[in-house]
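Position in the sequence shown (from 1) plus 16 gives the number in my numbering.
Hints listed in this document are in silico derivations from the structure and should not be mistaken for laboratory results.
Owing to the predicted nature of the structure, the values given are computational and were not obtained by experimental measurement.
A portion of the hints provided could be inaccurate.
Label pairs and their in silico Cβ distance ranges [to be verified]:
id: 1; residue 1: Asn73; residue 2: Tyr201; range: 35 to 45 Å
id: 2; residue 1: Gly424; residue 2: Tyr201; range: 15 to 25 Å
id: 3; residue 1: Asp19; residue 2: Thr206; range: 44 to 54 Å
id: 4; residue 1: Met357; residue 2: Gly209; range: 37 to 47 Å
id: 5; residue 1: Ala207; residue 2: Gly427; range: 15 to 25 Å
id: 6; residue 1: Ala353; residue 2: Trp513; range: 55 to 65 Å
id: 7; residue 1: Ile187; residue 2: Met429; range: 48 to 58 Å
id: 8; residue 1: Ser481; residue 2: Gln120; range: 25 to 35 Å
In the EDC-like style, the derived pairs of lysine to aspartate or glutamate whose C-alpha atoms are separated by at most 20 Å in a straight line are [said to hold, decoys possible]:
id: 9; residue 1: Lys306; residue 2: Glu264
id: 10; residue 1: Lys507; residue 2: Asp309
id: 11; residue 1: Lys507; residue 2: Asp307
id: 12; residue 1: Lys510; residue 2: Asp305
id: 13; residue 1: Lys507; residue 2: Asp305
id: 14; residue 1: Lys510; residue 2: Asp307
id: 15; residue 1: Lys185; residue 2: Asp309
id: 16; residue 1: Lys446; residue 2: Asp309
C-beta: ideal position from N, C-alpha, C; glycine also.
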Amino acid sequence: MIDFIAVQQALELLFTSVTPWLVVIPGILIGLVFGSIPGLQISMAMAIFLPLTLHMNFVMSMLFLTAIFTGGSFGGGVTAILMNIPGTSSALATAFDGYPMARQGRHNEALGLALGSSTFGCGLGYIVLFALIQPISILVLKLGPSEMFAVTVWGLTLIASLRGDHMSKGIISGVFGLLLGTVGYNELGTARGTLEIELLLDGIPAVPAMMGMFAASELFNLLNAKFIVEDEEQRNVSRPKIFQGFKESLRFPIVNSRGSMLGIMIGAVPGVGSSVANLLSYMETKRRDKDPDSFGHGNPKGVMASESANSSSEAGSMATLLALGIPGGGATAVMLAVFAMNNITGGPTFIREQTDVVYAIIFANFAQVFLLAIIGLLTIPLLASVVKVPVRMLVPSVMALAIFGSYGLTGSMAGPYTVLVFACLGYVMKKYNYSVPGLVIGILLGKMAESELLHSYQISGGQISYVFSRPVTLFIVVLLLLSIGYQPIMKFVKARWSHRKS
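Please work from the sequences and hints to get the whole structure.
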């Protein structure tokens, strides 16, 4: 139920003074920069600039940090498109079609599509959050380990759709990734697969592994090229083409809406969030498309599906923070520190007693969507200029960023070692046509799936009947089965119908 008196008070909080808005544009720019640099996470940017909020009130502090969050959500897709380096795990699926588009000289279009879908997803996410923040918070409370396990398994089914030309090699890659994801201590405190190497006790760092598999291994393949885009005529950075790509993304409301709704729902689940949302959105878009084989070779819908989901998941994670006081990930965990610094506790009481503040945060984020579109269109030409940089200069620069960034993520040499080992592994896998995305997805989701399955087992006492007492779990399983079986069933029905007509 929308409280219209609180809406009026929220607008007064935001627009009686220009002061709160002075931090929004710098915040978006900080997010864009940190999101665009391999190894620099959005949560890292927010943590670095958190001390500045000591001199701000609560609303202004939240505007600043959410602006960094909004800018970083799009910034991670820039390097995914231009260099095959997902700036964050939430931009992983963006690289699947974004980078092939860049290699074909369609980098301007791809960046415009990403920006358009990001703004669409973020905008729709906050509209839904404004209308349904209380129902969302009630639904999230009903989610347990079994529901999260079902969602994670749904994400793992993407491995099958990314099998490439050889299904067996795709499955082998995925299973190997799942095994690597279990390295280190499990929830019971048992160490597995560490080979007595101390750096592996905490497991294989997922983001450095992803950087090595995608970025460094791709750089090895580029050593014989002079530029990322070989055709000199297509190497130009064109603002009109970027704007054309932006407009083109709005011509696919179904793709964007489906990705946005998946992002909102999955983003609201603590610990799952955008890392799974972008993969599920990509998978569902590919399965429902008339030409699924074009995905992975520069299909614009792949970029839109990923970007709309990872941007809208921001609204989902904000729902759990505001309504329950539970951070959905690293970025919202930093925002939780602002709550503590201002002696505020998120939850139903916060929503009931300070509804105007909640609405002010939501309205401010909605305004940030328009600012992101404007700032993005102005700054993308500068970011896209990387296609003009000779490969001989690009390779050492990106490798240095990846190495230093991975060290910053782990705080030890585990990060740089992981980048180098997985760069070699990725190069070998690409050479022999094994699925690199399949292995990365296995690493990202394997440990999560194992953890949630173990928690479900402990709660249920090993009784399978427990699943039948969880209606949300059953609903997710039904959706999973429908998403897997939709295309084969439709093909069978169409074949039977054609046969009967003939």
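Each hint tested on the structure:
no.	hint	result
1	Asn73 / Tyr201: 35 to 45 Å	holds (42 Å)
2	Gly424 / Tyr201: 15 to 25 Å	holds (23 Å)
3	Asp19 / Thr206: 44 to 54 Å	holds (50 Å)
4	Met357 / Gly209: 37 to 47 Å	holds (41 Å)
5	Ala207 / Gly427: 15 to 25 Å	holds (20 Å)
6	Ala353 / Trp513: 55 to 65 Å	holds (59 Å)
7	Ile187 / Met429: 48 to 58 Å	violated (33 Å)
8	Ser481 / Gln120: 25 to 35 Å	violated (53 Å)
9	Lys306 / Glu264	holds (19 Å)
10	Lys507 / Asp309	holds (15 Å)
11	Lys507 / Asp307	holds (13 Å)
12	Lys510 / Asp305	holds (16 Å)
13	Lys507 / Asp305	holds (13 Å)
14	Lys510 / Asp307	holds (16 Å)
15	Lys185 / Asp309	holds (17 Å)
16	Lys446 / Asp309	holds (18 Å)
Violated hints for the displayed structure, listed by number in ascending order: 7 and 8.
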